[in-house]
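Number of protein chains: 2
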Amino acid sequence: MYRSHHCGELRISDVEKEITLSGWVQKSRDLGGMTFVDLRDRYGITQLVFNMDDNEQLCSEARKLGREFVVNCSGIVRERSNKNPNRDTGDIEIEVTSLNILNASQTPPFTIENDTDGGDELRMKYRYLDIRRKPIQENLIFRSKLALETRKYLDGQGFIEIETPFLIKSTPEGARDFVVPSRLNPNEFYALPQSPQTFKQILMVAGMDKYFQIVKCFRDEDLRADRQPEFTQIDCEMSFVTIEDILQTFEGLTKHLFSSMKNIKLSEFPRMSYDDALALYGSDKPDLRFGMEFHELGDLAQGKGFSVFDSAESVIGIVAPGIADSYSNKDMKKLTEWVQRPQIGAKGLVYVKLQEDGSIKSTVGKFFDDEALRTWAERMGAAKGDVILILCGETEKTRKQLGELRLEMGRNLGLMKDGDFKPLWVIDFPLLEWDEETERFHAMHHPFTSPKQEDMDKMLSGDHATMKSLRADAYDLVINGSEIGGGSIRIHDRALQSKNFDLLGFTKEEAEAQFGFLMGSFEYGAPPHGGIAFGFDRLNAVMNGQSSIRDFIAFPKNNQGRDMMIDAPSPVDNQQLDDLHLSMIPKD
Amino acid sequence: MYRSHHCGELRISDVEKEITLSGWVQKSRDLGGMTFVDLRDRYGITQLVFNMDDNEQLCSEARKLGREFVVNCSGIVRERSNKNPNRDTGDIEIEVTSLNILNASQTPPFTIENDTDGGDELRMKYRYLDIRRKPIQENLIFRSKLALETRKYLDGQGFIEIETPFLIKSTPEGARDFVVPSRLNPNEFYALPQSPQTFKQILMVAGMDKYFQIVKCFRDEDLRADRQPEFTQIDCEMSFVTIEDILQTFEGLTKHLFSSMKNIKLSEFPRMSYDDALALYGSDKPDLRFGMEFHELGDLAQGKGFSVFDSAESVIGIVAPGIADSYSNKDMKKLTEWVQRPQIGAKGLVYVKLQEDGSIKSTVGKFFDDEALRTWAERMGAAKGDVILILCGETEKTRKQLGELRLEMGRNLGLMKDGDFKPLWVIDFPLLEWDEETERFHAMHHPFTSPKQEDMDKMLSGDHATMKSLRADAYDLVINGSEIGGGSIRIHDRALQSKNFDLLGFTKEEAEAQFGFLMGSFEYGAPPHGGIAFGFDRLNAVMNGQSSIRDFIAFPKNNQGRDMMIDAPSPVDNQQLDDLHLSMIPKD
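Protein chains in written order, with the numbering used here: chain L, 100 to 687; chain Z, 100 to 687.
One chain only, chain L, in its complex shape (with noise of 0.2 Å):
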């Protein structure tokens, strides 16, 4: 038997106690005749002694551990007489009468402590260790719990668990797809899924009524930072509902599980239409645990002569509170280089500084005088000591850069608070997008998405300009200024599906060829039908306050799809690629 316990578990209680435990060295100290080692596992640490005095062998051996061994040992257990309040076995200490090594340990590359020295691509290298590590070992039991709290939910609810294939079909729409040569039918690939979308809509067809997923999904994307080629979704599908039906179902579903990880009781959670969205924060997933929100002031500030306003489309403001004094020219000279960056794009930054003594100062007194300012500042609800920042130029541009402003002003004024959690629903997004360059419509969201109710008739026979204004019965959860999850009521009817592929830019053959399955499933009594998918690796980052989804993966790949430690991908015999009837192009 390699323990009676585990070292997380003895307390003052089980004195006298004959144990055995098994762990890791986690380090090891000779103090005179005396001799502490730290054994570690996944539950704890517990303090084993061994006296000089006592017994010199086993005293003398437990002296040659190193950092990491893993030992199994017998013994008893004493109370210490200089206790540790900080850990939960700090009553006690083990007196340790056998010791067996069960495996040494090279010295680790990093330390194997919450702040470990390793950089990411040494920690990806050695995962093995860097998941010994308290932080990320917390996070994958984090991801553990809230996956089966997820299911439990939903199974309440009624949802059925239902596995969807890997091995599908390629569909060149949307992102690029991993491609799996079949070997049984040669010149044909499988695609890895990138969502489950087509099989959950057939399984409403099919009469599941509500199905649910925690799935794998795959995307051959150029990695961005915090992208990862293969991610996890909670996938979501119901029958018979509309868009209040999801909401409140998924609603539910987020205040259960804030409420059930973190203790964490969230009310109602607000909605907000995509337009309101990006009028009020220049974002469609706006960060609320802070105000500061947009004020238009172009029917204040321009025809007043000042030519940057006037020649602009919207002349946007913000109010960052209570910084009027404290905010220097030097880091007023620094924010308006930080909106001039590349990324940001801002041409300038006009700011009116309302000073604590009722003094006015503004990078545009010369066109405005105080009184004029004033006005700006009672539309803005701005007070003494605050300051009003302002961008101006294409309204789409300017809100997308004023967005970004009141981000890094809620970053420095420390407004995005850990352990604030603000929800949100953002909806009625537009259908389609028209892409200037290859002059086609995309979807906003995908192409399976529904038209509001009554927007279907004007989907049906409308021009193109009409195209442009299509509402979709769309819906992303936003927390905390990031997406959490979207979905849509979906298209059920043939020749409604078939108008969206025709108006995306597909032929007819292309739409049959590719999701021709999917259609004719219409043909045999779809019911109408929506859902959802949240991003689970982004949900569990979220709910912990951290920006990075890496942490929460037990074996994440490095930005060139890369993974580390296994050292894949890598190359394969010949043999296996002429079994695929499949030969290599040497890359340049």
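Just so you know, the hints here were simulated from the structure itself, not pulled from any lab data.
There may be inaccurate statements among the hints.
As the list claims (entries may be wrong) - Stretch-level coverage of chain L by chain Z, calculated; a stretch enters the list once three of its residues show a Cβ under 8 Å from a Cβ in chain Z:
no., stretch
1, 100-107
2, 161-170
3, 198-210
4, 215-228
5, 326-333
6, 654-662
Because the structure is a prediction, the values reported are computed rather than measured.
Beta carbons: idealized from backbone N, C-alpha and C, even for Gly.
Given the coordinates of chain L, work out where chain Z should sit on it, guided by the hints.
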């Protein structure tokens, strides 16, 4: 709102309520002035009634409803005069006041009833209609609940569910990998996992202590009936454990699943060595729902002048109970022909009928007198009315053939009873199998399996003959003759793992290239560990007394690895191949 209730919900206590239902038209009958429509959803069937006298227009509409139309209706719950006790909603019907066709349906290509007239391929092509059938729907619901119960139980035992990656590294050992070309790393490939084996071991090295995952695995094999290229495992691994810990844990899981899902209390699982299983049942997965154990008869039957026996390595018999008088000469001839079929391959069948009247009839009467035959019967515990069936020849082949005959007799005599579940642990497997053809060892389980503690030194220092005698700490769970799962204690020592790769014919370089990361991890404090994996598809089928796994998979592939519904695999764009630096070699 599409519904206030579902179609399995309304009872006599709901009479007079105004309700709204949605669902599919199961069937429709016109009886005089009345039209009755059975409305179906996942939850049940509710009868709608339309009356020509009350509302002619509505009733006429109802008469136009075809099978599988999707309908939304409102009405009042009425008590039925003609109750249907076989249906949960059989006490009531709905007097419909408004009717709305949500979607029409073409006539389905097969009937959507418990027994359908659709063939396998047709059912797979229209899987969305097949799943509407109650038996398939119930299978999928069972599977969902079984997965959840598994998760709850293992969570309760301290297991953490950890997702391992799908894009891993190709290792030509074992079955064939599906490979995935990498675009970002040209001329390199990922492989889809045949199992998360190395990752779960890495998680033990990482200190996660107890891991599980319900996970898809992939094997590019030539498909036999009831094999799927993608399949699902309950995959587990534990640290600091002996065989006993693992067997207890997963016996506990299995008992919990039978108890919670089927209300069946299984008693303690018997254990049998691999050698005994072959000697007693001719199979390492014996069906213990019936006895009919093997009896060696060589010492009694050989050297008596019957050359067929005398030249055989083994003479082995079973007792078929109570058929001496009912099995005619013609039946015995058919049985002889059955064992002589090429799939079985026996030369002939010797039998001894112990007839009810006390006389004995035998195919070997010329060589053995009744007294001799009675000593056989005594050894085998055969009584009046029984028939002794004997095969002989080379031991291994004879056991296999007799094992098949035993199963055939079990089927013929109705001894494999539905609802009877007989689990068994098969233990003490050989570590290595010698392949005469390739003149090399194969791993009986896989290359990471540990020899038994007492065989470790033999393995590190022994000669070739010694290697054949090594026993592994490996085990299989068998239920009713189906292998549900298997596992082993793993090697956690670099030198032993390296030796095993040597024995299996890996060069040092191959072992390092494919499994260097795992052996490397063993140098940083790998704990003793072991695990198991259950075939989840198979478990579902066996628990429901079904032989095919296909109907427990929402979207199975056919024997050519094709998804008949979506028509995958399929050709891809040349551009896609160019991006992957690949070209196709046309098939011959």
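We went through each hint and held it up to the structure:
Counting residues of the stretch 100-107 of chain L whose CB falls under 8 Å from any CB of chain Z gives 4; the rule of at least 3 is met. For the stretch 161-170 of chain L, the stated coverage by chain Z holds: 3 residues have a C-beta nearer than 8 Å to a C-beta of that chain, and at least 3 were required. With 6 residues having a beta carbon nearer than 8 Å to a beta carbon of chain Z, the stretch 198-210 of chain L meets the requirement of three or more and the stated coverage holds. With 4 residues having a beta carbon nearer than 8 Å to a beta carbon of chain Z, the stretch 215-228 of chain L meets the requirement of three or more and the stated coverage holds.
Proximity of the stretch 326-333 of chain L to chain Z, defined as three or more residues with a beta carbon under 8 Å from a beta carbon of that chain, is established by the 3 residues found. Figure legend: the stretch 654-662 of chain L, annotated as covered by chain Z; annotation consistent (6 residues with Cβ-Cβ distances under 8 Å, at least 3 required).
The structure agrees with every numbered hint stated previously.
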